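Those sequence lines, one after another, are chains S and R. Going letter by letter, the first sequence gives residues 1 to 251 in the numbering used here. Going letter by letter, the second sequence gives residues 1 to 247 in the numbering used here.
To be clear, the hints were calculated from the coordinates, so they are not data collected in a lab. Just so we're clear, the structure is a prediction, and the values are computed from it rather than from any experiment. We treat Cβ as the ideally placed atom computed from N, Cα and C, and that holds for glycine. Take the hints with a grain of salt, since some may be wrong.
To be verified - Computed from the model, here is a short list of chain S residues facing chain R with C-beta under 8 Å:
{"id": "1", "residue": "119"}
{"id": "2", "residue": "120"}
{"id": "3", "residue": "124"}
{"id": "4", "residue": "161"}
{"id": "5", "residue": "181"}
{"id": "6", "residue": "186"}
{"id": "7", "residue": "188"}
{"id": "8", "residue": "193"}
{"id": "9", "residue": "222"}
{"id": "10", "residue": "230"}
{"id": "11", "residue": "236"}
{"id": "12", "residue": "247"}
Stated by the list, open to error - Partner residues are not named here, just some residues of chain S that face chain R (Cβ under 7 Å, in silico):
{"id": "13", "residue": "79"}
{"id": "14", "residue": "86"}
{"id": "15", "residue": "88"}
{"id": "16", "residue": "139"}
{"id": "17", "residue": "147"}
{"id": "18", "residue": "149"}
{"id": "19", "residue": "150"}
{"id": "20", "residue": "151"}
{"id": "21", "residue": "154"}
{"id": "22", "residue": "217"}
{"id": "23", "residue": "228"}
{"id": "24", "residue": "234"}
{"id": "25", "residue": "235"}
{"id": "26", "residue": "242"}
{"id": "27", "residue": "246"}
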Amino acid sequence: MKTTIRLSLSLASMLLSGSLLAQATEPRALLPKPKSYGTDQISYYRVAASEFTLLDTTSGVVYTDTAYPTANNYERYSVGVPGWFVASPHLPSGAVVTYFELDSCDEDPVNDVVAYLSQCDILGHCNGLIGMQSVNNAIPCGFTSLDVSSNGLQVDNYRNQLTITVITQSGTSNTRFAGVILGYKLQVSPPPLFADFNDVPTDHPYFQFIEALSNSGITAGCGNGDYCPDRAITRGEMAVFLAKALGLQWP
Amino acid sequence: MRRRTAWLGLAGVVIFSLSARAQDARPRPKTYGISQDSIYHVSITDFVPWQSGWGTKDDSFIGALARHAASCSGTCLYAIPRLPNGALLTGIEAYFCNSNPDSGRVLGIELYKTWYDGSNAQYLGPGPYSATHNGCGEFAIMDLTSLNFQVNYYDNQFYLLANIDSDDGSQAIAGVNLFYRLQVSPAPPTADFGDVPTNHPYFQFIEALSGSGITAGCGNGDYCPDRPITRGEMAVFLAKALGLQWP
Chain S
1 MKTTIRLSLS LASMLLSGSL LAQATEPRAL LPKPKSYGTD QISYYRVAAS EFTLLDTTSG
61 VVYTDTAYPT ANNYERYSVG VPGWFVASPH LPSGAVVTYF ELDSCDEDPV NDVVAYLSQC
121 DILGHCNGLI GMQSVNNAIP CGFTSLDVSS NGLQVDNYRN QLTITVITQS GTSNTRFAGV
181 ILGYKLQVSP PPLFADFNDV PTDHPYFQFI EALSNSGITA GCGNGDYCPD RAITRGEMAV
241 FLAKALGLQW P
Chain R
1 MRRRTAWLGL AGVVIFSLSA RAQDARPRPK TYGISQDSIY HVSITDFVPW QSGWGTKDDS
61 FIGALARHAA SCSGTCLYAI PRLPNGALLT GIEAYFCNSN PDSGRVLGIE LYKTWYDGSN
121 AQYLGPGPYS ATHNGCGEFA IMDLTSLNFQ VNYYDNQFYL LANIDSDDGS QAIAGVNLFY
181 RLQVSPAPPT ADFGDVPTNH PYFQFIEALS GSGITAGCGN GDYCPDRPIT RGEMAVFLAK
241 ALGLQWP
């Protein structure tokens with residue numbers, strides 16, 4: 001419990017980075033709608049309240065969800081004491097996190113709902129990187145969001161894992177949350193130092209992309225250590241590329 | 001006193017991360033593709049008790065998010081990793097926090113599957129176990145290729161059980177990495193296209209595309225495998241294959 005408090009203080013004292021973009025209920029059209037795929041735009045990943053588990057239940061902390069479906073809403077809050085909720089999003093390796101949104105209700109004049117986005121290593125040591133507060137009680141339910149595109153948060157999955165912490169401070173239904181949304185962009189691996197193929201040297205305009213395909217096991221080239229980048233591709237070869245790239249097609 | 005504890009914690013972090021790196025025998029997976037391993041990280045937050053009364057506790061080791069069940073000993077927590085359908089499970093590594101080493105108390109991961117309806121739970125085999133390590137940081141890597149387990153959401157459900165003998169905070173799991181390989185479906189017995197018979201060198205791959213609905217061929221029951229593809233056709237293939245592009 002003491003450890004939890006210490007963690008709380010260090011997180012709370014951390015500088016908030018990124019800029020507060022929006023604080024509103026409706027319409028969401030205030031923000032550009034992400035395109036949900038690709039390397040040059042934002043995709044969305046939703047972590048619903050149901051995916052969050054409590055950091056500690058040994059001191060009697062419990063949570064409850066609002067009375068969905070009778071109340072026609074679904075939000076989670078802690079009962080009696082502040083609740084520390086954690087969840088880990090499963091984003092594609094290499095993706096860069098660009099956007100962080102908290103969807104919550106705050107009807108408490110003092111307490112808030114607070115969300116942190118941390119990078120935790122494989123042993124669970126976390127760096128609190130980005131935080132935000134809930135909407136204030138003048139606008140009871142809505143979202144707050146941060147543009148985190150300049151924070152350099154790249155998904156690793158191997159030795160580091162993104163972890164989201166949401167704190168419902170009041171311990172009553174006055175501070176509750178529905179979930180968190182992350183925005184991210186897919187990334188093509190940076191070009192490696194050495195070339196796999198003789199006819200695609202490191203200064204070839206498509207070098208980065210051909211190496212990415214080669215290193216993913218999607219192509220082994222056209223023989224003799226070449227890739228034949230300028231040769232027209234046949235429909236048959238295209239089928240091999242796509243089937244291998246996507247691991248098609250399992251029932 | 002508080003400051004001293006924090007310093008000890010910091011020292012622990014440095015030591016453990018160094019030792020983890022030194023033991024890091026398995027090459028870093030390339031994270032995509034069919035000829036090598038990709039990673040799926042099973043976070044401790046993915047491990048939940050299968051009876052709600054048990055609860056969980058994290059952060060039992062200084063500054064670290066490591067999890068154990070709150071009032072249950074043994075196989076109390078489970079996690080369901082969401083690997084791609086058809087992927088072949090190739091390996092697992094687990095990270096533990098253990099201040100109860102050499103006590104005969106179990107701290108480990110076990111692999112299971114059930115039928116699609118949750119019945120017929122079947123023990124696939126043991127994952128990594130921590131026996132003698134003291135502190136956070138031990139990880140054990142296991143090759144699972146001999147298990148020959150393929151993800152198949154239609155027929156069964158794969159899951160991990162955390163087996164933690166102590167529920168007092170002296171034993172906890174810090175995280176699990178699963179390694180898997182994407183697979184192209186095996187070649188079907190019959191051909192979809194007249195010009196791509198079962199002995200065509202690309203038969204397996206063209207059938208995979210056809211079976212996924214990405215292509216219906218070039219007309220007249222043919223696929224035209226040797227015809228150069230146009231940039232326009234390429235756009236159709238990619239957009240259909242990736243389900244592009246939704247706002």
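Verification of the hints:
Residue-level restraint check for residue 119/S is violated (minimum Cβ-Cβ distance to chain R is 12 Å; threshold 8 Å). Nearest Cβ of chain R to the Cβ of residue 120/S: about 6 Å, under the 8 Å cut. The hint holds. Interface hint status for residue 124/S: upheld, as the beta-carbon distance to the closest one in chain R is roughly 4 Å, under 8 Å. The closest approach between the C-beta of residue 161/S and any C-beta of chain R is roughly 5 Å, which is under the 8 Å cut-off, so the hint is satisfied.
Evaluation of the residue 181/S hint against chain R yields a violated restraint, the C-beta minimum of about 14 Å exceeding 8 Å. With a least beta-carbon distance of about 10 Å to chain R, the hint placing residue 186/S at the interface is violated under the 8 Å criterion. Hint status for residue 188/S: violated, given a least beta-carbon distance of 11 Å to chain R, over 8 Å. A least Cβ separation of about 16 Å between residue 193/S and chain R goes past the 8 Å threshold, and the interface hint is therefore violated.
Annotation: interface hint on residue 222/S violated; nearest CB of chain R at approximately 14 Å, more than 8 Å. Taking 8 Å as the C-beta contact cut-off toward chain R, the hint placing residue 230/S at the interface is violated, the least distance being around 12 Å. With a least beta-carbon distance of about 3 Å to chain R, the hint placing residue 236/S at the interface is held under the 8 Å criterion. Taken as an interface hint, residue 247/S checks out: its beta carbon lies about 3 Å from the nearest beta carbon of chain R, inside 8 Å.
Using the Cβ-Cβ criterion of 7 Å, the hint placing residue 79/S at the interface with chain R is not satisfied: the shortest such distance is roughly 13 Å. Because the beta carbon of residue 86/S sits about 5 Å from the nearest beta carbon in chain R, less than 7 Å, this interface hint is met. With 7 Å as the threshold, the beta carbon of residue 88/S comes within range of chain R, its nearest partner Cβ sitting at about 3 Å, so the hint holds. Violation of the interface hint for residue 139/S is found here, the shortest Cβ-Cβ separation to chain R being roughly 26 Å, above the 7 Å cut-off.
The interface hint given for residue 147/S is violated, since its Cβ lies 19 Å from the closest Cβ of chain R, which is over the 7 Å cut-off. Hint status for residue 149/S relative to chain R: violated, with the closest Cβ pair at about 19 Å, above 7 Å. Interface hint at residue 150/S: violated, since its Cβ lies 24 Å from the closest Cβ of chain R, which is beyond the 7 Å cut-off. The closest approach between the C-beta of residue 151/S and any C-beta of chain R is roughly 20 Å, which is over the 7 Å cut-off, so the hint fails.
Taken as an interface hint, residue 154/S does not check out: its beta carbon lies about 12 Å from the nearest beta carbon of chain R, beyond 7 Å. With a least beta-carbon distance of about 3 Å to chain R, the hint placing residue 217/S at the interface is held under the 7 Å criterion. Interface restraint check: residue 228/S against chain R, minimum CB-CB distance 13 Å, threshold 7 Å, status violated. Interface restraint check: residue 234/S against chain R, minimum CB-CB distance 5 Å, threshold 7 Å, status holds.
The criterion of a C-beta within 7 Å of any C-beta in chain R is met by residue 235/S, whose closest approach is roughly 5 Å, and the hint holds. The restraint placing residue 242/S at the interface with chain R holds, with a minimum CB-CB distance near 5 Å, inside the 7 Å limit. Hint status for residue 246/S relative to chain R: holds, with the closest Cβ pair at about 6 Å, below 7 Å.
This entry does not satisfy hints 1, 5, 6, 7, 8, 9, 10, 13, 16, 17, 18, 19, 20, 21 and 23, going by the numbered hints stated previously.
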